[in-house]
Each structure stands twice: as structure tokens, then as C-alpha cells.
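Protein chains: 2
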Amino acid sequence: MDSKKRNRRGFLRDSAALAGLAAGGAGLAKGQTQGTPTKKIDELIAYGERSRFVNSIRLPVAERHSPDEFGLTFHVLTPLQDSSGIITPSSLFYTATHRGAFVPDIDPREHRLMIHGMVDRPLVFTMDELKRLPYVSRIHFIECLGNRAKPTHKTVQETHGLTSCAEWTGVPLSLLLAEAGVQNSASWIVAEGAEEVKGASSIPLAKAMDDCIVCYAQNGEPVRPQQGFPLRLMVPGFEGIYQIKYLRRIKVVDRFYMTYDDYGHINPDPKVAALTHQIGPKSVITFPSGGQKLSGPGFYEVSGLAWSGAGAIRGVEISTDGGQSWKNADIRSTAHPMAHTRFGFHWNWDGKECVLMSRCTDELGTVQPTRAEVAKFWNEPLDKVRVRGSDNSVQPWKVASNGSVLNGLS
Amino acid sequence: MDSKKRNRRGFLRDSAALAGLAAGGAGLAKGQTQGTPTKKIDELIAYGERSRFVNSIRLPVAERHSPDEFGLTFHVLTPLQDSSGIITPSSLFYTATHRGAFVPDIDPREHRLMIHGMVDRPLVFTMDELKRLPYVSRIHFIECLGNRAKPTHKTVQETHGLTSCAEWTGVPLSLLLAEAGVQNSASWIVAEGAEEVKGASSIPLAKAMDDCIVCYAQNGEPVRPQQGFPLRLMVPGFEGIYQIKYLRRIKVVDRFYMTYDDYGHINPDPKVAALTHQIGPKSVITFPSGGQKLSGPGFYEVSGLAWSGAGAIRGVEISTDGGQSWKNADIRSTAHPMAHTRFGFHWNWDGKECVLMSRCTDELGTVQPTRAEVAKFWNEPLDKVRVRGSDNSVQPWKVASNGSVLNGLS
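So the protein lines, in turn, are chains A and B. First residue of the first sequence? That's 1 in my numbering, and the numbers climb one at a time after it. First residue of the second sequence? That's 411 in my numbering, and the numbers climb one at a time after it.
This is chain A alone, in the form it adopts within the complex:
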């Protein structure tokens, strides 16, 4: 770093107004050293950046470091171990797809959304037209069903990083459907995106008329390309594959349609198949979590996230003895329905080996199951249980006596 003192007025006069000069803080905060001018001030004005000391990044899943050989499947994990609060920064929002790993480069002026099928008035909307309609802004999570497909991974980013949460803004789908005039015999919709593989999902009409949102904004700016720019369907509480990116078509139909995406939804009863994929109550401790290290005995704030596809989180409990006893954690954020909810628990670590767990309860009273309960449900041995669908069982983190944190399932 350039620690040479510079005359600021001269500096501004002589150069292209570079920024990054620091306070000459000689007092308490030693870190306030002379800075390095690295950015043109115009860049700093237009669209600010994070500190050079902040390096949190997403990572691809360990089993696939780049898109598959067809360029279709790719999963990139949110760094939950670095998260604060409930909003996931858009730049760190997870992305998962089987429909084309390369993001469509869509000009929003050319994009259209068609609503057709069993409606009285088929409609086609431009983006400008959609933005002229009433809208809502809500905070909701999205989680990939495959989150925690391999429960033995080391870090919370690897085990649980396929969930993120954002503020979503857009037009209620119910409004668009009402405008189109849904016919009496209709019972499902099929929502289609514009990826190279025309993936689509069948969604019950009852859900479509309830709380779904045709979203054009995420965290206060247009939906990011990796999240479906310019339009993403939000289906709150359902697994990620329903949240159709690059939304371009909604067909109203009278039955469940099997689609490219339904590899996971094959069930004798199609309604059961689809509806079982509402995300169950789930929670995970993000600190301390696998791969982190405690500096020694003493007070720590156990921190984590809880969420449920069925509504708001009503409570979270913490165990510091591997599930033998549980104490109430505190809810540290607003508990929005179908949204990440931040919990905290003040813990005095005695320096002995122990196992930390969290479990949550949602507003319907459903309690997140332990791994033993899941094993019993599937009638499989505890150490070899293969969870079908979303694995929302309790995550144990083992704290070794040297402070190292390990996955209790690995």
C-alpha cells in the first residue's frame, strides 16, 4: 500500500480524481491507514462496491465445478457462513438449473409474457405493461429441493447453500389470471421459461390464485440475470424449480402436466407429487458451522436461519448437547411468511466437545424433524437414511475441544 502522504488539493487538481484516499486515523483504529487510490471516483459514484477486505463468494457444488457436458445443469452455493440478517445480497444469491447453465441474454424491451389456455381472454404483456399494474413487495426465500442432497459435506455453504432470501416485487399472478378470465373447469397452470430447454412447471390453480407473484424486481433493482431477468415467477414456499426464470408463458389447463422438470415429481397421485414439494420447516446454524473454529471457551452468539414453505417461523430451539435438551433461541429479525428468519442464542462454551443443533417450528405448528425421526419415517437405518425430496432434518455441528467445528453427519 502507498502510505505516502499526499496533498489532497493538489492530488485532486492533478489527477483524474481518484478515490480511495483514507483518513489519517492515528487514534484507536489502527486500520485507518493511508489508502490506495484504485478506483475512478465516477465508478464509485455510479454503483458502489464492497470493501476489498470482504471476499465472500459463491461456490459451485463440490461434485460439479462447471456446467455439465450438455451445458444444462449447474448449481452454485450461497456462502451462508458469512450471512447476516435475512436478505441475501443479489450477487450472492444461489443459482441452480437443469435448463441451461448459460444465462439467456434477454432484452427486456423485447420480452413478452403470454397468458392463454383455458381463459376467456388470452393476453400478452410487455414489461412496460406489467409495470403499469398493481404490485406487491414481499420477502421470500427460494430453496432448491436438492439442497443438502449430500448431508456429509464439510461447510454450511456446501450442505445448505442452495437457499437464499430476497425482497421480491411484482404483479400478483391472481390479478393477471383474473384479467384473463380463468374458466370454471381449469385447475392447474403450466408456467414456462425461456431457457434453451423450455422447462416448465405445473402449479395448482389454487396456489396460483393465492400468493404467487410475477416478479420484475429483487432487492430493489431488476431481477438479476441468474435469477431470471427480466421476469421470474415467485411461488412462495414451493421448491425452487417452481420459481420459473425468464417467465414467458402461463397456460391455464385442467390437469397436472408432466414437464421436463418433473423428474422428481412422479407419483401415482399427481397432486400429492406436486404438493409434497412445499418446503418443510427447516433451520441451520450458520455460526458456528463446519470448517469454522472457535478461538477458545467463552461466550458466543449462535446464529442461524430458519424457514418454512407453510408460513412464518414461530420459534427456534437450540441444543448444545446433541439433542438431549433444548432451549428457546431468540428471533432476531422480522419473521415474514415463507422467508428466512434469523435466530440467535447466547451460548457460553465450556471448552468441551459438544454437538450444536437447531430445530424450528412454523406457524402451523409443524416441528422440524430430527435425523432419527426421518430415519424412522423412511424405515431405514439412521446412518444410511436416504431422504426423498427435501431433507429438512436437524443439522448437527460437532465442536471439538480445540474449537474446530465439524459436520456431525460426516
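Don't take every hint at face value.
Part of the chain A face toward chain B, derived, beta carbon under 10 Å [claimed, not checked]:
| no. | residue |
| --- | --- |
| 1 | Ser90 |
| 2 | Thr155 |
| 3 | Cys165 |
Honestly, the hints are just simulated from the structure, not real lab data. Glycine is no exception: its CB is placed at the ideal position from the N, C-alpha and C atoms.
Chain A is already provided as a structure; the job is to place chain B on it using the hints.
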């Protein structure tokens, strides 16, 4: 743009795995053209970016396009006309300072927060130590007192862009003060940042013990450098200058201390001087707003933001006839206390010239004043009223018959 079709497998094999290839959408959405590979996929994985079609940026205030000659004063405006929901993206959060326009380059490992003065146990915290303490996550706005210093500007970015809203996470200041042991005769705190000019603000102890937060995170990641990385004091509802960036010292004292920042707070009664700078109920229509243009008569969603330093927004009214009549708008987001709240109003424009206005009411029942009421209060002519402190009067936008939107005050 390169519209040549490429063999994807060959492309991946031969190149450095570039992204940006698009869906070959030949259907409804014409915009899904063949894309241009512009980014290495590693970059897209690590920290996502916005669409190349999204170009919303902050702007410096018109009267000062770069920091002043001393490098101290600078104001950069949020593009409210492009905003959605209530979260301001951290990259577009406004910044205003009189303490050094160049951001201190602080290494968080070296940063310290000291709490001293009239306390039983003076304390110094590292960042790691602060993060071991209980915390809260809350959504709050920050607004510069100088927001709307010149009410005749053209756009809503220019008139109202010195306000933004984010999710803030950190340790309640009351917890730190309780740990230090505030002495009975104390009544104020002085909070100091690490800028080159050691600016500070005096804050009533009652406020410090109420809802202030020592924040290390904003919108789910560390506080951005322009917002005070690594530590910012959140004083909910008070004007921006109290929200001390680069927080390094809190001194507990027994009186209001005059500081560098108090150019605006000189008043015979120091308590009045300080406390009058809680932000009053304020709202502004962001669409349609100055500089925008309606494409013709028809339905539009009037959209805007309301906020108050005194608590949550309870209601917003819209006038489409220059204040002669008012109708209730809808609240489109959660109305968090001391936070931007999104409102909407469905409006059928008949194509005639008209004046749009919004006014809000907060949870104390305080109603945002019209400009005429403000003029009467200050006993000045309506066209020349000079508002002292925060100008929270109603903003009129004039819609011309050709659809052009103009500032009704210019």
C-alpha cells in the same frame, strides 16, 4: 452481437468456459437472441452481476459534481425513479458526507470500538468480539437532512435521492452501554467516526438506550465502505448525520457536546436542537415523477415511498387534482418502523394536465404537511418559503397533456 450458432460442447471444451450464451428462443420472447460471451464463468459464479440492460446509477448533486476543494463534502443521490420495493441495493445507497469524501480504507482486523466516559467499565471491542454478542436485524431508512435542499430540481433522484433503506444487522447499543455500566448522572453520548475530520454527533442517552444499533452488516453482507465499513451506528429515524460511519468511539457524557457536525443544530435549547432532527413523516411519488413521460391516457400504477422517523407508516393518500381531493393509496410492502414503505395507487389518466401528490400519516397520527402549511408555519410566502431542517412537505408532480412529468415547484 455475435449471433452465430455455436456447438456448446465444443465451445466449452475449446474456450475458457465463457458464459453469456443465450437461449435460442424463437417463440414469444424475441429478446432471447443468441448472446455474447463476455464474462468468464468463474466471475459469474463468485459474485453475480446485474443485466447489461440495467443501467440505473447514482448521481452527484447537480451543484457539486465532485468533492469540494477540501475533499470533505460530497453528496451522491439514489435513483429513486428506478426503485422497487423498499430495499435500496447497497450499490445504489445514497452517500453524503462533510467529513471526508474519500472513503477510509479500514482493515476490519485492526478496527476498534471504544466505549468510555461516564461508565463504570471502559471497554474496547474488536470486530470479532462484537460479532460474538447478541444482535438484531432491522430494516431502517437513512435520510440526509439536506434531502430536498433545493425543491425545484427536475427529477425525484435530484429532489429526494438522499434517502435510502436497507436491512441493518448489529449489536444493540443498549447492550454495550449496559455492559460498560452507564453512570447515573450521564444523559448524552458522543459517537465518533474515523474519517479524516473526526466528526461526531451528540445523541440523547434515552435514544441510545432505546433502538440504536452498532451495525456491521447491511443487506446481508458487511456494511459497504461508503456506508461506514466496518461499523456504522444506526440511530433509527434520526437524520443521516447521526448514523456515524466508521464508528470507533462512544463517549458517555452529561451534556450535549457541540461537535463539528452540529452546524445545523445550534439552538438555545440543545435538546430541542438535537431532537427536532428526527425525520418527520415524508413521502414522494417515484412514478410518475419529474423527467418521466407517460405514453398516453390509460391506467397507471402510481408508486412511491413513505417514511417517518417517529415509527411505522400507517397510511398514504394520493391526490390527482393538486390537493383538492385525496384518496387512500395501498401499502404494498411491510410497513416496518422507521423504514421506507412502498405505496401504490391505481390511476386512470384521462390525458388532461393534472398535478399528482402523495401525503402520508405515521403511527403517531402525524400527517405530512402540504407546502402551504409549511409556508404558514414559517410565516413566509408560498413561492419563497425557506424550510429550516428537513423539508417533508408534499411534493407535487405536474403531468402535462403530452404526458411529460414536471416538478410542480419549479
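Comparing the hints with the structure gives:
1. Of the supplied interface hints, the one on Ser90/A holds, with its beta-carbon coming within about 7 Å of a beta-carbon of chain B, less than 10 Å.
2. A cut of 10 Å between beta carbons decides the hint on Thr155/A: the least distance to chain B is about 16 Å, and the hint is violated.
3. Because the closest C-beta pair between Cys165/A and chain B is about 8 Å apart, less than 10 Å, the hint holds.
Checked against the numbered hints above, the structure violates only hint 2.
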